[in-house]
Amino acid sequence: TQLLKQSPQFLSIQEGENLTVYCNSSSVFSSLQWYRQEPGEGPVLLVTVVTGGEVKKLKRLTFQFGDARKDSSLHITAAQPGDTGLYLCAGAQGAQKLVFGQGTRLTINP
Amino acid sequence: KAGVTQTPRYLIKTRGQQVTLSCSPISGHRSVSWYQQTPGQGLQFLFEYFSETQRNKGNFPGRFSGRQFSNSRSEMNVSTLELGDSALYLCASSDLRDGANVLTFGAGSRLTVL
Chain A
85 TQLLKQSPQF LSIQEGENLT VYCNSSSVFS SLQWYRQEPG EGPVLLVTVV TGGEVKKLKR
145 LTFQFGDARK DSSLHITAAQ PGDTGLYLCA GAQGAQKLVF GQGTRLTINP
Chain B
570 KAGVTQTPRY LIKTRGQQVT LSCSPISGHR SVSWYQQTPG QGLQFLFEYF SETQRNKGNF
630 PGRFSGRQFS NSRSEMNVST LELGDSALYL CASSDLRDGA NVLTFGAGSR LTVL
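Chains A and B, in that order, are what the protein sequence lines are.
Here the numbering used here = 1-based position in the first sequence + 84.
Here the numbering used here = 1-based position in the second sequence + 569.
Just so you know, these hints were derived from the structure itself, not from any lab.
Just to be clear, a hint being listed does not mean it is correct.
As the list claims (entries may be wrong) - List time: in silico DMTMM-like cross-link candidates among lysine to aspartate or glutamate, alpha-carbon distance up to 25 angstroms: (1) A:K89 x A:E125; (2) A:K154 x A:E125; (3) A:K89 x A:D151; (4) A:K89 x B:E644; (5) B:K582 x B:D664; (6) A:K141 x B:E621; (7) A:K140 x B:E651; (8) A:K181 x A:D155; (9) B:K582 x B:E651; (10) B:K582 x A:E138; (11) A:K140 x B:D664; (12) A:K154 x A:E138; (13) A:K141 x A:E122; (14) A:K141 x A:E125; (15) B:K582 x B:E644; (16) A:K141 x B:E651; (17) A:K181 x A:E125; (18) A:K140 x A:D167; (19) A:K154 x B:D664; (20) A:K181 x B:D654; (21) A:K181 x A:E101; (22) A:K143 x A:E125; (23) A:K89 x B:E621; (24) A:K140 x A:E122; (25) A:K141 x A:E101.
Treat the numbers as computed from the prediction; the structure is a model and nothing was measured.
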């Protein structure tokens with residue numbers, strides 16, 4: 085049973101388009117993080133959201149934490165080929181343990 | 570500040586063998602976590618060590634074990650390897666940021682079991 089469900093699992097779009105990736109759960113998390121992983125590398129943290137309803141922006145990326153702290157979304161505006169990668173959401177359960185979604189593999193075509 | 574270093578980066582073993590993977594965390598980080606990443610299951614939590622003690626454990630069989638040394642370096646061991654153990658094994662050290670435990674991952678050790 086996947087505690088955190090990401091959708092879509094795969095997404096291939098053209099450069100310049102917008103997209104949204106979703107991370108959903110029936111569980112409440114104390115915080116939620118988004119990572120990006122490129123081939124041959126480990127995941128790299130993009131953002132941490134802690135408060136229900138919180139919105140954080142990182143250049144063209146906008147992250148939102150649901151009011152009930154059970155879900156999150158990542159929106160990319162005007163996608164670029166450099167955004168290509170595996171996007172992972174991770175929910176914190178307790179002080180140390182992170183639970184990861186299965187990831188969204190994003191491909192931006194020039 | 571040096572990142573998280575994992576060795577070896579790639580290795581090939583056969584069924585029944587055992588393997589030891591090593592992880593050097595970021596200097597000053599005392600917590601080290603291990604994850605298994607496969608295409609089908611995604612990132613699965615193996616265990617977490619803090620100050621040489623196992624603090625959390627995931628749902629993996631006893632063939633998977635780990636330890637942490639006094640300098641915070643960590644090793645994980647998999648005995649009696651099975652084909653399904655083929656995966657990318659990721660180590661991460663952590664610190665608190667924005668009130669949350671944030672992981673810095675190494676590049677991983679890719680294990681292939683034949």
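>> For a quick check of understanding: which of the numbered hints are violated here, in increasing order?
In response: 2, 4, 5, 6, 7, 10, 16, 21, 23
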